[in-house]
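Residue numbers (the working numbering), protein chains in the order written: chain A, 1 to 310; chain B, 1 to 310; chain C, 1 to 310; chain D, 1 to 310; chain E, 1 to 310; chain F, 1 to 310.
Just so you know, these hints were derived from the structure itself, not from any lab. Honestly, I wouldn't trust all of these hints.
Copies of one chain are not kept apart here, so a pair can be met inside one copy or by any two copies together.
As the list claims (entries may be wrong) - Derived lysine-lysine pairs resembling DSS-like cross-links, with alpha carbons at most 25 angstroms apart:
1. K303 - K213
2. K303 - K291
3. K126 - K140
4. K196 - K309
5. K59 - K299
6. K140 - K196
7. K125 - K299
8. K125 - K196
9. K59 - K300
10. K94 - K126
11. K130 - K140
6 protein chains.
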Amino acid sequence: MLSVFVRSALTKYRRSWLPGQAAVRAMSSSGGAVSPYTTLSISHPAESITQVELNRPEKRNAMNRAFWSEMVECFNEIAGDPSCRVVVFSAAGKVFTAGIDLMDMAGDVLNPEGDDTARVAWNVKKIIAKYQETFTVIEKCPKPVVVAIHGACVGGGVDLITACDIRLCTQDAWFQVKEVDIGLAADVGTLQRLPKVIGSRSLVNELALTARKMFADEAKSSGLVSRVFADKDAMMAAALEMAEEIAGRSPVAVQGTKINLVYSRDHSVAEGLDYMATWNMSMLQTQDVMKSAQAAMEKKSPKTIAFSKL
Amino acid sequence: MLSVFVRSALTKYRRSWLPGQAAVRAMSSSGGAVSPYTTLSISHPAESITQVELNRPEKRNAMNRAFWSEMVECFNEIAGDPSCRVVVFSAAGKVFTAGIDLMDMAGDVLNPEGDDTARVAWNVKKIIAKYQETFTVIEKCPKPVVVAIHGACVGGGVDLITACDIRLCTQDAWFQVKEVDIGLAADVGTLQRLPKVIGSRSLVNELALTARKMFADEAKSSGLVSRVFADKDAMMAAALEMAEEIAGRSPVAVQGTKINLVYSRDHSVAEGLDYMATWNMSMLQTQDVMKSAQAAMEKKSPKTIAFSKL
Amino acid sequence: MLSVFVRSALTKYRRSWLPGQAAVRAMSSSGGAVSPYTTLSISHPAESITQVELNRPEKRNAMNRAFWSEMVECFNEIAGDPSCRVVVFSAAGKVFTAGIDLMDMAGDVLNPEGDDTARVAWNVKKIIAKYQETFTVIEKCPKPVVVAIHGACVGGGVDLITACDIRLCTQDAWFQVKEVDIGLAADVGTLQRLPKVIGSRSLVNELALTARKMFADEAKSSGLVSRVFADKDAMMAAALEMAEEIAGRSPVAVQGTKINLVYSRDHSVAEGLDYMATWNMSMLQTQDVMKSAQAAMEKKSPKTIAFSKL
Amino acid sequence: MLSVFVRSALTKYRRSWLPGQAAVRAMSSSGGAVSPYTTLSISHPAESITQVELNRPEKRNAMNRAFWSEMVECFNEIAGDPSCRVVVFSAAGKVFTAGIDLMDMAGDVLNPEGDDTARVAWNVKKIIAKYQETFTVIEKCPKPVVVAIHGACVGGGVDLITACDIRLCTQDAWFQVKEVDIGLAADVGTLQRLPKVIGSRSLVNELALTARKMFADEAKSSGLVSRVFADKDAMMAAALEMAEEIAGRSPVAVQGTKINLVYSRDHSVAEGLDYMATWNMSMLQTQDVMKSAQAAMEKKSPKTIAFSKL
Amino acid sequence: MLSVFVRSALTKYRRSWLPGQAAVRAMSSSGGAVSPYTTLSISHPAESITQVELNRPEKRNAMNRAFWSEMVECFNEIAGDPSCRVVVFSAAGKVFTAGIDLMDMAGDVLNPEGDDTARVAWNVKKIIAKYQETFTVIEKCPKPVVVAIHGACVGGGVDLITACDIRLCTQDAWFQVKEVDIGLAADVGTLQRLPKVIGSRSLVNELALTARKMFADEAKSSGLVSRVFADKDAMMAAALEMAEEIAGRSPVAVQGTKINLVYSRDHSVAEGLDYMATWNMSMLQTQDVMKSAQAAMEKKSPKTIAFSKL
Amino acid sequence: MLSVFVRSALTKYRRSWLPGQAAVRAMSSSGGAVSPYTTLSISHPAESITQVELNRPEKRNAMNRAFWSEMVECFNEIAGDPSCRVVVFSAAGKVFTAGIDLMDMAGDVLNPEGDDTARVAWNVKKIIAKYQETFTVIEKCPKPVVVAIHGACVGGGVDLITACDIRLCTQDAWFQVKEVDIGLAADVGTLQRLPKVIGSRSLVNELALTARKMFADEAKSSGLVSRVFADKDAMMAAALEMAEEIAGRSPVAVQGTKINLVYSRDHSVAEGLDYMATWNMSMLQTQDVMKSAQAAMEKKSPKTIAFSKL
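Please take these sequences and the hints and turn them into a complete structure.
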């Protein structure tokens with residue numbers, strides 16, 4: 001039964017890349033909800049899959065004031081939505097994102113309030129903490145997030161994608177840790193996550209210190225992305241297919257896997273193992289194990305199983 | 001009085017390199033010993049090298065109930081055996097391992113005992129902790145472990161190989177983090193060690209969340225294995241040669257290197273450096289440094305030196 | 001204006017590889033200072049760039065007794081020098097370095113003083129701690145260090161380069177973690193930093209346990225270096241160009257980036273984010289942000305901006 | 001240009017201490033404001049002091065469903081209110097609190113929702129995390145919280161007071177870690193904070209494992225409270241006096257002190273010192289230092305100084 | 001299907017509280033069992049309570065070779081024994097313990113084997129690790145351990161009691177960190193645990209550096225013990241009464257409390273809270289909460305409840 | 001023989017408190033060296049004991065510019081001096097110290113240099129780091145430091161004494177964490193060390209947030225000091241006697257104890273145990289164990305043993 005959903009979802013998806021985004025939204029399984037956001041568009045290309053799209057194409061998806069709040073609201077929503085099992089994150093228009101919208105944000109960034117240096121600093125910390133949260137919500141959301149990147153991914157864009165779980169890109173994608181060019185050390189995630197995401201510290205340092213562009217091939221060989229596609233259509237089809245694979249497995253297994261992968265990044269192996277065992281004290285008592293084991297013995301795909309919502 | 005002690009110690013020391021060693025060698029090499037285990041076979045392809053082989057080829061080396069205990073026993077034995085300096089780990093039959101033997105283990109995994117949820121959970125934790133220990137013994141064993149993988153390496157197999165030190169594989173090898181397919185988050189090591197073993201977190205997440213297969217080329221390019229070979233024969237020859245290189249060096253140097261590499265994985269650089277210096281307070285006082293330095297000056301290979309056992 | 005500096009610097013640089021190193025030094029912007037060191041030569045190929053060169057070519061730049069102290073003195077000097085914004089580290093002669101100069105160091109390493117084992121151990125720890133500091137100063141220095149490696153880079157050489165920020169090498173470069181060959185576990189940084197610098201733990205272990213050589217291609221594919229060049233001239237030109245890029249950006253941004261990249265290596269993402277936000281409480285209040293933002297809006301390169309010294 | 005900025009900033013700064021402040025004071029002091037909460041009552045016994053009172057005396061201030069949300073709302077409010085510099089926390093009626101209101105909360109605690117054990121567990125974690133946050137907000141609020149305890153302080157009451165900064169109690173106060181009596185390990189803070197708050201682990205363990213009552217004298221000698229008073233009136237007077245001492249000092253100094261005390265509890269001394277230095281990079285640039293130093297030299301109390309709001 | 005499982009589980013559960021239990025009690029109480037150990041005597045003064053006694057009174061309970069192994073065996077046994085809920089640890093004869101039995105242990109401690117300094121060091125580490133485990137088993141055992149100390153508690157005795165959960169002593173008890181007197185830094189636990197057990201670091205340092213005796217009053221005021229008794233009889237009666245209090249509560253609650261208290265000692269508050277919540281995902285689903293809550297509402301003591309074994 | 005030294009030392013000491021400090025210095029065992037410091041006076045009241053005295057009594061031992069450098073120099077000297085085994089730290093004149101000498105330090109603290117806020121911040125961090133080091137050297141020095149406090153101990157004085165190992169005071173001593181009074185959060189150690197030194201966090205917070213004075217009795221009951229004496233003479237005699245006790249034991253044992261006590265403060269118990277075992281790999285191989293064990297068997301005091309220098 002699930003496979004029917006998948007097929008229809010793919011059909012829906014393909015249509016969604018034809019003229020008229022609005023049509024997709026109308027057809028998405030949870031209905032044609034008008035997105036409550038001005039910078040993000042939300043759709044449901046298949047059951048259990050939520051697609052979030054950066055949606056200010058006329059501004060190259062630059063991150064304006066509204067964006068920082070909407071991301072938090074959106075991912076908190078997704079985290080608490082039991083009918084969503086996986087997220088695909090992508091961008092409308094010609095590029096993924098041009099990064100922070102300096103025009104809109106200049107007040108916050110260039111001229112924070114405060115009666116003296118200490119009081120300005122106090123407000124600066126509040127602002128940075130708020131912006132950091134914008135990307136950390138992606139990591140805190142227990143549903144895996146597959147990000148699909150095309151064209152430019154600059155500044156805040158790198159902060160965003162390094163907080164996602166799986167990264168795909170098109171052949172024309174490029175990445176730029178832009179912050180040193182505007183006189184500041186990147187402070188909303190790149191310096192913390194990029195080195196834990198790719199395997200060459202020399203490259204990380206080079207990117208962050210020189211602000212040079214990195215193109216798709218180097219992104220692939222360095223491990224920033226796990227796959228490169230000829231064009232956006234091919235990438236989106238693959239992203240959806242991957243999302244289907246994930247959505248077709250037990251949400252107890254999948255979300256437990258994400259939570260423990262994030263935990264183990266920040267802990268020793270021994271600590272990670274102990275947490276994992278404590279986690280599975282309850283999680284192994286799910287009916288999903290029994291259902292999945294039975295399907296496995298009957299040589300059926302896990303996608304044929306109806307799992308309860310989580 | 002001290003000087004007397006020192007003199008007698010030196011005498012003992014000098015004697016330790018005279019004839020007598022040869023006899024040992026004769027006994028141990030390629031030894032044909034009867035293995036005390038039902039799932040592992042143990043041999044000594046060369047002096048100072050222990051080969052451990054997964055040995056239930058008719059069951060695709062699936063990990064049954066006996067396996068989990070035998071591994072611990074076997075590696076504790078090896079850890080305490082002064083005549084072993086390096087371990088080669090491989091598998092008999094057509095594949096490395098099909099992973100956990102669900103038929104044999106179903107009781108433990110699917111139906112743990114306990115009067116209520118909490119008591120079941122208590123027993124679940126005990127079982128997981130025991131299984132985790134099965135692979136952690138590889139890491140705790142101070143002798144380096146070179147693992148040689150051919151054909152399928154599935155589920156528990158990935159947990160096993162990520163706890164080894166050096167990974168080699170054949171061109172036909174493939175790897176699969178299978179656990180989400182049976183409804184659970186992998187809980188005996190993969191989620192903790194795989195991300196610290198390879199350089200692309202995007203790939204780690206993809207493998208763990210989709211359970212897709214990864215083939216030899218991607219295993220090589222991602223750094224999971226350091227070398228790929230045309231077939232098992234070529235791989236085993238290379239594994240043995242590598243083992244001989246390691247076995248030919250000072251065991252004080254080699255085992256200290258393993259212990260400190262494992263330590264540094266889980267600590268900051270500053271902590272790692274301090275531990276290293278504390279470790280070498282005693283370890284640099286070995287005669288092996290003098291012997292090795294002298295050999296180096298005489299342009300002799302370290303393999304020509306007779307080191308005391310450790 | 002800056003571009004003039006750059007061009008003239010490159011000219012100067014090229015000349016510096018023609019016969020007569022002395023000439024370069026004479027022309028370097030801070031004047032022809034005679035290097036105060038016997039093992040290092042210092043020059044200023046362009047404004048804001050300090051070049052440090054291993055300079056005992058007749059001894060293959062082996063690290064002798066003087067070297068360990070001079071490095072500390074040199075990098076403390078650089079750390080405190082507001083006119084330096086970036087460091088290029090390279091080596092004179094045919095190879096980068098043959099590693100520790102065993103002849104000169106034998107007393108310290110092979111025969112430390114002390115009335116009994118514990119007292120020898122006490123002195124051993126002091127010596128190791130001192131040698132560790134020799135490379136840790138590179139990391140503590142807030143100015144980025146680009147290291148350019150040609151020919152052999154052996155033993156202590158690997159300790160040195162893994163403490164630098166960006167690694168470049170020539171096609172004929174090779175790397176060797178040599179310590180097990182002389183009977184000891186590498187104790188001045190390689191075992192701690194190499195695994196955090198490249199993305200394949202299997203490879204790290206293989207290198208450290210077998211002491212085999214790794215050549216330029218593997219150094220590139222494993223991420224140890226971020227670029228490989230045909231020969232030393234090409235590499236040095238690129239290193240200088242990269243240094244110019246870095247030196248042309250706000251030192252507040254660049255040095256804050258290095259400090260936070262090092263911090264995040266040794267902390268969880270959450271800890272790193274909090275430190276970053278605390279750091280930028282003051283650092284975002286720099287005039288450099290305003291200047292850089294204005295230049296960006298005017299489509300000018302950051303290299304055109306005159307930043308205050310730091 | 002900078003100098004202009006500075007001058008105008010200073011002008012703004014000077015103006016901020018002229019008349020106008022008085023009006024605020026008039027409005028806030030001991031304010032009779034209608035509390036927006038059903039379980040807490042809020043008042044302003046003096047300028048810059050907020051008093052929060054547990055206010056369900058007829059239910060012995062038992063913690064009902066509303067309480068857990070109101071605490072978070074209330075302390076977030078306080079954290080963001082620049083006119084509050086210190087908080088006094090106390091309770092109306094005959095006792096401090098009887099702890100969790102089992103009648104009102106039974107659904108959540110005894111019967112959480114979920115289709116199977118794992119899904120129940122998932123919801124249990126959400127609930128616990130929410131309740132933990134209820135007390136953690138006290139710690140995250142940068143304003144110091146002085147808690148004044150009389151009569152019974154049971155179960156959740158101990159979780160609450162150990163998250164406060166300074167603890168005072170009356171002679172008739174008693175404390176009870178009650179959770180084992182209802183079949184569960186205390187999970188909203190006591191087991192984590194109590195051992196870091198008092199100096200006898202033997203006592204902590206005894207209290208938590210036996211659920212015995214501890215009276216005021218032992219609370220004082222063990223360091224749980226720093227002062228004991230004859231009755232509630234004496235205690236409240238002292239609490240207010242202490243709050244006034246704190247409110248009379250620079251908020252930059254006071255709140256920086258709280259933040260760093262909390263940080264240092266959870267970090268090594270070296271980490272704490274580094275964070276402290278990074279924090280003070282901006283915070284020492286406050287005008288409050290100059291004002292305070294001047295007052296000190298003139299032998300005036302810091303309470304005579306008008307500090308800007310933070 | 002799930003509901004069938006649940007029903008049958010509930011049936012099993014209900015049966016577990018019916019008659020049958022009494023028989024066990026008859027067998028175990030104050031049991032006269034022959035101890036399998038030469039240095040420890042084991043008895044069961046009440047149902048669910050195991051008493052372990054140091055039992056070489058003629059040797060002042062000095063810790064000989066056998067002791068170090070027997071402790072591990074004994075506490076592993078206890079950890080796995082579902083009918084034991086709490087342990088009382090005490091000593092036969094005139095004193096608690098004189099510490100290590102130097103005569104019996106001299107070989108191990110004064111003259112470890114090994115061909116050179118490094119190999120001796122290797123064996124020294126093995127021995128120390130084994131001795132550390134002797135006391136760490138107390139901490140790893142999830143059942144609370146109440147230790148009752150009379151007379152001398154010297155050297156290894158302090159290592160032992162600081163690994164216990166609750167410490168009681170007689171008026172004539174005294175404590176001595178003796179190790180510096182025999183030329184070594186205490187290496188089996190005192191230096192690690194004592195500072196986390198009492199609240200005055202000045203006192204800890206004084207005791208460890210001067211080896212002076214501390215008497216009962218100072219042990220009480222410093223928090224090392226939580227109660228002092230006139231004589232051994234009074235102490236043992238109180239220890240048993242305390243043990244009964246603990247044994248009378250839900251073992252799920254009690255053992256979860258111990259495990260989380262130990263965890264929180266070694267982690268930040270945030271880490272401890274997260275672990276606690278993860279732990280209670282399953283543990284709150286125990287029937288013990290319901291039973292205990294019902295008893296509480298009926299004003300019955302938890303000791304009247306029949307809890308399932310754990 | 002040692003006892004003769006002790007007696008003569010005590011005699012010398014008593015004389016040192018009679019009129020004419022200069023005389024003492026002349027008589028101290030290493031001779032009448034003129035102190036190289038302007039703020040500290042150094043003497044040797046007995047063999048192996050170094051006494052450091054704050055010596056600006058006319059300025060109430062306020063910490064001026066010179067002090068911060070001299071402390072580092074002095075303790076580095078002591079750390080490297082094999083004839084010193086223990087340090088007694090005290091103060092000349094009527095009080096221990098009035099804390100920072102604001103008059104002398106105002107430039108650094110109130111008016112640091114820098115072209116903009118970020119550059120001022122950069123310099124502020126350098127200054128704080130330097131001042132922190134002033135007290136951290138006490139902790140890094142492996143010789144135990146006994147501090148004897150009389151009269152006022154204010155501000156920086158509390159930073160200083162919390163970095164010492166053992167704290168004694170006179171009945172008239174008082175302590176004040178003064179920093180909030182001058183508008184800043186204490187940043188050279190108090191907020192990091194005080195909470196790890198005493199057992200009541202409520203008290204720590206009260207002291208740091210209100211700047212109130214704490215007198216000798218509370219200092220004793222809270223564990224800040226381990227002993228209180230009627231007057232300075234009695235305290236100094238006891239400090240010396242305690243120093244004799246420490247100096248009379250094996251320096252390998254004593255200094256290893258200090259190093260591991262400091263280590264264990266900042267690490268989990270498991271980490272501390274592992275470090276301890278690694279440390280003792282070499283340290284147990286000292287002749288001091290044999291000598292001490294032999295003395296113990298012969299019922300001789302360790303003070304009768306002649307230990308080699310360390």
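Checklist entry - Which hints from the list above does the structure break, by number from lowest to highest? => result Hints 4, 7 and 10 not satisfied by this model.
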